[in-house]
Amino acid sequence: MSTSVAIEQTLKQYVAREILDGKDIGLDADTPLLEWGVFNSLEIARLLGFVREHFGVVVPLESVTAEHFKDLRALTALVASLKG
Amino acid sequence: MLLADLVIESARRDAAAPAVIGPDATLTYGELDALANRLARALARRGVAAGDRVGLWLEKAGRGVAVMQACLRLGAVYVPLDPLSPAPRIAGILGDCEMRCVVTTEARRGALASAGAPPELAVLHVDADWDEVLRLSADSLPPPARGPDDLAYILYTSGSTGRPKGVCISHRNALAFVAWAAEAIAADASDRFANHAPFHFDLSVLDLYVAFLAGGAVALVPEGLSYAPRRLVEFVQSHRISVWYSVPSALALMMEEGALDAAAAPTLRAILFAGEPFPVKPLRRLRRGFPEARLFNLYGPTETNVCTFHEVTALADDRTAPVPIGRACSGDEVWAVRADGERAGPGEEGELMVAGPTVMLGYWGQPPQRGPYATGDIVRVDDGGEYTYVGRRDHMVKIRGHRVELGDIEAALLQHPDIREVAVAVRGVGIDARLHAFVVVAPPAELSLLGLKRHCAERLPRYMIIDDFTPIAALPRTGNGKVDRLALARLAAASSSSQGEQP
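The listed protein sequences correspond, in order, to chains A and B.
The first sequence begins at 0 in numbering that gives the first Met the number 0 and counts up by one.
The second sequence begins at 0 in numbering that gives the first Met the number 0 and counts up by one.
Fair warning: there could be bad hints in the mix.
Claimed, not checked - Quick partial rundown of chain A residues pointing at chain B, CB under 7 Å, derived from the structure:
| hint | residue |
| --- | --- |
| 1 | 26 |
| 2 | 35 |
| 3 | 36 |
It should be emphasised that the hints constitute simulated quantities derived from the structure, not laboratory data.
No experiment lies behind these values; they were computed from the predicted model shown.
Using N, Cα and C, we set each Cβ at its ideal position, and we do this for glycine too.
Using the sequences and the hints, build the whole thing.
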């Protein structure tokens, strides 16, 4: 399993468990998380804490943009690039 | 005096002074003045004349501010629309106030067309039509034949039946508040205002127009930063903000996560907040963090803008009661009416009534507002004659300062084919406020939170999307058959398990 796939799985589980009702039906790489109100500013703040603890990477302030948080695909790419 | 005169006068005094610092560009007063004239001509070419409504459906930027000024110069009425609302809701508003023109981007225009916006609606694109705008003359326009009691702008708010309501504000309404606020905080041309609230939220009226009256600058906080506390503190630092106005939630977050205090933000001299009660604990932290700055608690529904204020001075260590909303301002008169219809005296509670120059003209499409405006807010009269907010008399709630009619969300959820009955409750306060839906599901359907969020997102502004839901066999009802809101609030409070609320 490539690193990206593993990161995406971890993030997906986090979203289903911590933000949603534990169900991940319909939760795909391109589900619009900002548009559907899954990620709001408060959830993003919590998510940044999870990313720091779980992946050991700090998302720089300038990367906290809609472009990087719009869906799991974009978020996975961001985390993967920070892990280097 | 009309609202358009503020920028025109300030441009005449000092055309080189910065007026708007946006994510797109910084505009001096001279540049804002010229751009407003060009945009007014572009709107006029699209048939916009005095009295016409013009919608703005844009992300926050200097161009949007210039469009508002352009509308005012034509005597037209601008209608700022939530850039985070879905196209069908915006299309509904365009129809509701028979918009003549909408100012937006090509991409958003496409979404509006698919959502059923009227095809005869004129469009000014801030991207595709920009070259055309810049080619038009920047010369002054003749003043429009409008008076202070004509409509200046319309702000749409959540309506209890699922239809947004357009609050109609005249030039006199807005200027009465702006003039009071400028004097209260002693605004001058050296001030730099932060504009945190979106343009469709009436808090933005202070940021923009008090700055324009004083000849100061207003720096626009982009939507994406609204609740990113560390970036907000950086914003205050890099723009040397002197006047900050926002909902308390944003300030509380900036202190908690962004270490906001006078050492971090030495230029802040006045901090104002409104939209929801400020819990005493974070407010005390703000008071201690800024020993020299002036702090103001402002109060007023969109229908009256700010009608009372309280300047927060010292806060006793043992104080647990929220600070008052204070006493009347903006030239208004306020009083409280008891349940028996009599005026409430010291120590008594009643519904707050407002009369005076800031009371709106009325809701669009409804009979004009006559006489005092009944706020629906229950207040207590203090011994000193100040008022303290107690609660609502209906089902309107505040989610981080946004006004939400629970019926608006319920009406949207009822359109779901698998939902028979629904009631929405709020749990938590301030930053932690969450919208929780209780739904009676038509078997054998099984709902998911993601599916319900999607359903809401297609119909409601983003701040009205539910955070949680619980399937329930039947809604709790009171003896007379009404939904038992108190029982729902208890159920919601009890179910806050897995959502990881911070203490």
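Hint check against the structure, violated hint numbers in rising order: none
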